[in-house]
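Chains as they are written, first to last, in our numbering: chain A, 1 to 427; chain B, 1 to 427.
Quick caveat, the hints were computed from the structure, so don't treat them as lab data.
No experiment lies behind these values; they were computed from the predicted model shown.
Accuracy of the hints is not assured; some may be wrong.
In this list, chains with the same sequence are indistinguishable; a pair is considered to hold if it fits within one copy or across any two.
[Stated by the list, open to error] Result set (DSS-like, lysine-lysine): computed pairs, CA atoms no more than 30 Å apart in a straight line:
| id | residue 1 | residue 2 |
| --- | --- | --- |
| 1 | K252 | K29 |
| 2 | K106 | K399 |
| 3 | K334 | K3 |
| 4 | K275 | K236 |
2 protein chains.
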Amino acid sequence: MNKKVISVGLIGYGTVGRGVVKILEENQKIAFRKVGKPIKIKSICDLKPIDKTELYVNNFKSIIKDPEIDLIVELIGGYEPARTIILEALKAGKNVVTANKAVLAKYWDQIFTAAQNCQKSIYYEASVGGVIPVVQGLSEGLASEEILEIKGILNGTTNFILTEMTQNGVSYQDALKSAQNAGFAEADPSFDVNGIDTANKLAILSSLAWGGWVKVKDISTKGISDLKIDDVLIAKKFGYDIKLIGSAQKTKDGLDLSVQPCLVHHDNAFATVEKEYNAVMITGKDSGDVLFYGKGAGQQPAASAVVSDIINLSKFIVTNTAGIVPDVIYDKRKKIKILPSGRSKSPYYLRFKVSDKPGVLAKISGILGKYKVSIASLSQPNADDSEAQIVIITHDTLKENFEKALKQIDATKSIVKSKTVKIKIEN
Amino acid sequence: MNKKVISVGLIGYGTVGRGVVKILEENQKIAFRKVGKPIKIKSICDLKPIDKTELYVNNFKSIIKDPEIDLIVELIGGYEPARTIILEALKAGKNVVTANKAVLAKYWDQIFTAAQNCQKSIYYEASVGGVIPVVQGLSEGLASEEILEIKGILNGTTNFILTEMTQNGVSYQDALKSAQNAGFAEADPSFDVNGIDTANKLAILSSLAWGGWVKVKDISTKGISDLKIDDVLIAKKFGYDIKLIGSAQKTKDGLDLSVQPCLVHHDNAFATVEKEYNAVMITGKDSGDVLFYGKGAGQQPAASAVVSDIINLSKFIVTNTAGIVPDVIYDKRKKIKILPSGRSKSPYYLRFKVSDKPGVLAKISGILGKYKVSIASLSQPNADDSEAQIVIITHDTLKENFEKALKQIDATKSIVKSKTVKIKIEN
Numbered sequence: 001m002n003k004k005v006i007s008v009g010l011i012g013y014g015t016v017g018r019g020v021v022k023i024l025e026e027n028q029k030i031a032f033r034k035v036g037k038p039i040k041i042k043s044i045c046d047l048k049p050i051d052k053t054e055l056y057v058n059n060f061k062s063i064i065k066d067p068e069i070d071l072i073v074e075l076i077g078g079y080e081p082a083r084t085i086i087l088e089a090l091k092a093g094k095n096v097v098t099a100n101k102a103v104l105a106k107y108w109d110q111i112f113t114a115a116q117n118c119q120k121s122i123y124y125e126a127s128v129g130g131v132i133p134v135v136q137g138l139s140e141g142l143a144s145e146e147i148l149e150i151k152g153i154l155n156g157t158t159n160f161i162l163t164e165m166t167q168n169g170v171s172y173q174d175a176l177k178s179a180q181n182a183g184f185a186e187a188d189p190s191f192d193v194n195g196i197d198t199a200n201k202l203a204i205l206s207s208l209a210w211g212g213w214v215k216v217k218d219i220s221t222k223g224i225s226d227l228k229i230d231d232v233l234i235a236k237k238f239g240y241d242i243k244l245i246g247s248a249q250k251t252k253d254g255l256d257l258s259v260q261p262c263l264v265h266h267d268n269a270f271a272t273v274e275k276e277y278n279a280v281m282i283t284g285k286d287s288g289d290v291l292f293y294g295k296g297a298g299q300q301p302a303a304s305a306v307v308s309d310i311i312n313l314s315k316f317i318v319t320n321t322a323g324i325v326p327d328v329i330y331d332k333r334k335k336i337k338i339l340p341s342g343r344s345k346s347p348y349y350l351r352f353k354v355s356d357k358p359g360v361l362a363k364i365s366g367i368l369g370k371y372k373v374s375i376a377s378l379s380q381p382n383a384d385d386s387e388a389q390i391v392i393i394t395h396d397t398l399k400e401n402f403e404k405a406l407k408q409i410d411a412t413k414s415i416v417k418s419k420t421v422k423i424k425i426e427n
Numbered sequence: 001m002n003k004k005v006i007s008v009g010l011i012g013y014g015t016v017g018r019g020v021v022k023i024l025e026e027n028q029k030i031a032f033r034k035v036g037k038p039i040k041i042k043s044i045c046d047l048k049p050i051d052k053t054e055l056y057v058n059n060f061k062s063i064i065k066d067p068e069i070d071l072i073v074e075l076i077g078g079y080e081p082a083r084t085i086i087l088e089a090l091k092a093g094k095n096v097v098t099a100n101k102a103v104l105a106k107y108w109d110q111i112f113t114a115a116q117n118c119q120k121s122i123y124y125e126a127s128v129g130g131v132i133p134v135v136q137g138l139s140e141g142l143a144s145e146e147i148l149e150i151k152g153i154l155n156g157t158t159n160f161i162l163t164e165m166t167q168n169g170v171s172y173q174d175a176l177k178s179a180q181n182a183g184f185a186e187a188d189p190s191f192d193v194n195g196i197d198t199a200n201k202l203a204i205l206s207s208l209a210w211g212g213w214v215k216v217k218d219i220s221t222k223g224i225s226d227l228k229i230d231d232v233l234i235a236k237k238f239g240y241d242i243k244l245i246g247s248a249q250k251t252k253d254g255l256d257l258s259v260q261p262c263l264v265h266h267d268n269a270f271a272t273v274e275k276e277y278n279a280v281m282i283t284g285k286d287s288g289d290v291l292f293y294g295k296g297a298g299q300q301p302a303a304s305a306v307v308s309d310i311i312n313l314s315k316f317i318v319t320n321t322a323g324i325v326p327d328v329i330y331d332k333r334k335k336i337k338i339l340p341s342g343r344s345k346s347p348y349y350l351r352f353k354v355s356d357k358p359g360v361l362a363k364i365s366g367i368l369g370k371y372k373v374s375i376a377s378l379s380q381p382n383a384d385d386s387e388a389q390i391v392i393i394t395h396d397t398l399k400e401n402f403e404k405a406l407k408q409i410d411a412t413k414s415i416v417k418s419k420t421v422k423i424k425i426e427n
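Use the sequences and the hints to build the structure in full.
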């Protein structure tokens, strides 16, 4: 190949896009040493004009059509036109780097089938875990493994909010404001705080680990926006932090997939993951536990991961070998069996706001017992508003039994005054 | 390529070699899904006959000469004939997988120059950190980064011994016996306990990070074999564990390279790394801290990493693209500047066995002051043998000043009764 430079077309010039341009400029010697040719950004497309006027184009199609461009970086996020850009770029013979977890999780089948058919590469390390190289760690580093479990704190925004709540005892709303002020939450944080972003990332890791297509809709997903500071503080007294955990576990009856706030004991490695940091624990049959940890949000970490992808892919572009070895081994025919969410088993934390009458505890424990929910410990902490409350930690419980019990308890107004709080406890 | 199978020649049938054969058999479906062809071990060479008689050959040269073999796995360890095997295999057009950190660290220049000249690949993920994919994480995952620091617990044997000493309060000798019984220390553990194995791994990571050849002789290396249980227990009371840390830090005057036992505070992530586990923290300018953690010793984790390398390399062999993109970007001309070990700065833990006479403390602090060693805290714990002792934690100190002070103190028999114990404190 006689190209003198690797030409990059960048689509999306937001926070991460600007970070990519900055790092590519600052670290051009590092990139050159690894690729053997300079990497240059030839065009940048964004909805509105940008400071780098000489590179600006207002239509992504002109980037895709440009025969000089080798590699397209998609950083606009969301489903459309991101999906169109990626598919059109592959068809036009371009290699692609993206940080877009939403489009990958939703169109996994379409995107990786297109990449295989076009024999082009799509790198997406920045889509999961920010700067942590967990996509590669899972798909190549643990290539030989039968993966048993993937568990992670995969969203920097929610982890920042939960850390604020835990460390400063502030409400969810106040913690969200702190995260927004620190630049770790967007004006509309709903995709982060409702768990969708974590579910997208878990779907990507699970699809990689088990070689089929694990869909976001198969993941039982609950966010943190209705989490009460009371529960954070009570959990803390019991030796737990609350973290938003994405979890995929291989069971004999199918994959057990969930995203939910969980009580994590202080001894657990996840409890030490604070602020915008992420961590992913992958358990293989022969490897045992392997943990990856690093910054999951922020301009520099995200942009760093994108630039690493650009460099790694450029090495193959220079030697005319990009896309020959598929990056994702995806077999359309492989069906992944999913465990129905009710069949999931774990211990739970329950907080009941109760009527302060005799016999209430007996009634609660009676109903729990009827549905085989076994109590590990029970306490009656003082509530600030001086309402009576009961906190119960259960043993391992089948989710469907447990929900039936709670439904019955919550329907009985003579027992509880409001909906019972339930939070999974991480083993 | 019309090959029906990927043919592997295995040289070295010890613990890890047997693990490789077992995992390749058990996980052949996983391997096939990723490679698209079956991987078969065609020949195994070892010094003495093996149970798999149909595969046994007694001379590695017949494996290297075999035109059907695509990939040679070197698992004999040590310098020779490992070096010859790797170089001859590359020359014969074979790709290579090795777990041999000693040969890589010592012959980095020769081996990677040969790989580039022969356009063949050499994968060596299992050589550092056992099952942890840190070689790839550093060279690809953090490809865009200016690496500022690498720090790691890189030897499972010594970490197992140190964990035994810390948790059970036993002597080095007893802890070593436990490690041998548990299968985590060899009959002759000297390469592990004297720090050489850690230095080999640090040299590999540093060479990768800074793109030149960092030699083992440039790493100031101290092992754990003269570590006293007294210091482990005193450190514990002060809130520290003792760990063998390999550290490479970029400073304006060159790389600061060391392997030594260090006091690590209980708040530090390294303090939670127990038994045979390893951990590596890599700090990049844009990425910040990225941590990798997993099993650093044991048959299955080591063999798993080797098989992952075999699978990843086979994907390129199948498509005739192995070795086209060099695995290690090594530039012979790049000189790495090394900081003289005396110019290294850190706080220290000191334990003096002193004469129980008035004025001793004044003399010690006088000499320390003369050489600009500033005391952060001082205490006089009871020694079991009822000898008087003084423990001092210093502020950041230039190593050469500090050693001059200790030399003078240790030479003064009226002050100390035996050689002063000094251990670096991790910041």
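Each hint, compared with the structure:
In this homomeric assembly, K252 and K29 come within 30 Å of each other (Cα to Cα) only across copies, at 18 Å, whereas the closest approach inside a single copy is 51 Å. With identical chains, the CA atoms of K106 and K399 are at most 30 Å apart within one copy only, with a shortest distance of 27 Å there and 56 Å across copies. With identical chains, the CA atoms of K334 and K3 are at most 30 Å apart between copies only, with a shortest distance of 25 Å across copies and 40 Å within one. In the homo-oligomer, the alpha carbons of K275 and K236 lie at most 30 Å apart both inside one protomer (17 Å) and across protomers (28 Å), since each shortest distance falls under that limit.
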